[in-house]
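Just so you know, the protein sequences line up as chains A and B, in that order. Numbering of the first sequence is given in our numbering, commencing with residue 1 and proceeding in unit increments. Numbering of the second sequence is given in our numbering, commencing with residue 1001 and proceeding in unit increments.
For the record, the hints were derived by calculation from the structure and aren't laboratory data. In this text the structure is predicted, and so the values were computed from the model without any measurement. Not one of these hints is a red herring.
Result set (DMTMM-like, lysine to aspartate or glutamate): computed pairs, CA atoms no more than 20 Å apart in a straight line:
| hint | chain 1 | residue 1 | chain 2 | residue 2 |
| --- | --- | --- | --- | --- |
| 1 | B | K1035 | A | D94 |
| 2 | B | K1070 | A | D13 |
| 3 | B | K1039 | A | D97 |
| 4 | A | K25 | B | D1011 |
| 5 | A | K91 | B | E1065 |
| 6 | B | K1035 | A | D97 |
| 7 | B | K1035 | A | E98 |
If you want the ones that stay clear, here's a sample from chain B, every Cβ over 12 Å from chain A, calculated:
| hint | residue |
| --- | --- |
| 8 | E1055 |
| 9 | R1063 |
| 10 | G1069 |
| 11 | L1081 |
| 12 | E1084 |
| 13 | P1085 |
| 14 | H1105 |
Just so it is clear, CB atoms sit at the ideal spot from N, CA and C, and this is done for glycine as well.
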Amino acid sequence: MSNLDAAFFALADPTRRAILARLAKGEATVMELAEPFEMTQPAISQHLKVLEDAGLVVRRVEGTKRPRRLAKGGIEAMDQWLRMLRKALEKNYDRLDEVLATMEKHKKGETR
Amino acid sequence: MSKMTLKTEGDTHVVVTRRFAAPPEAVYRAHTDPKLIQKWLLGPEGWTMPVCLNEARPGGKIRYEWTNGKGGGFYLTGEYLELEPYRRIVHVERMHLPDPTPDNHIETRFDADGTGTLMTMRMTLPDAQTRAAMLATGMERGMEASYVRLEAII
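Using the sequences provided together with the hints, build the complete structure.
Written out as structure tokens, the structure is:
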């Protein structure tokens, strides 16, 4: 729970969210992660460090490789992020409900 | 009670539906009149839309600029392709973050539903990766989803 702020900070970056989305499909090495993003491996490593510090991603040692995978908390944090975004969209439409109610009132006022 | 549904369709579509208590004419106007758009298309609490250009005619331009009042902001541009007043809108749009995202092609339908309206917004992205990125970015109208968890949380 103390990690939540770090998790939200980590999720605030689109590249890091894309990395999480990729890792949600399975384990991947830094090289595999760097490929679709057209970023250098050090740049990806930097993003991975933020994700690891936030407890969203864990690494494993396999010979010279350090494949990363999603931590259990990573999935939960992603869900929370999505719920937040869904709320923002719902909030738009709740506001639109109010706008429509006001329009309806004005219309009735006009016809009287 | 959640009146909104959001689901992915195929590899490149996102479909959002929402019911409104007002007739299609009013919902359509709320999507095309800048003064009305500025009242609701705002996303998270604390954001406003100081610039709202909406030329509701085929070929007309769209430009929305949002700010959080603390130096944060981004904008969206688009063009109208087709408009059937009070029934249907087809347009393309892209976010500028500040680099432009790939075009999102959107058909929005306003169908009478009793005394209200059923709105169906069908988005088409160029490819699966773009859709995932858009859903992950989630800024567009608070849009959301992920490869993995979308079905579970809806």
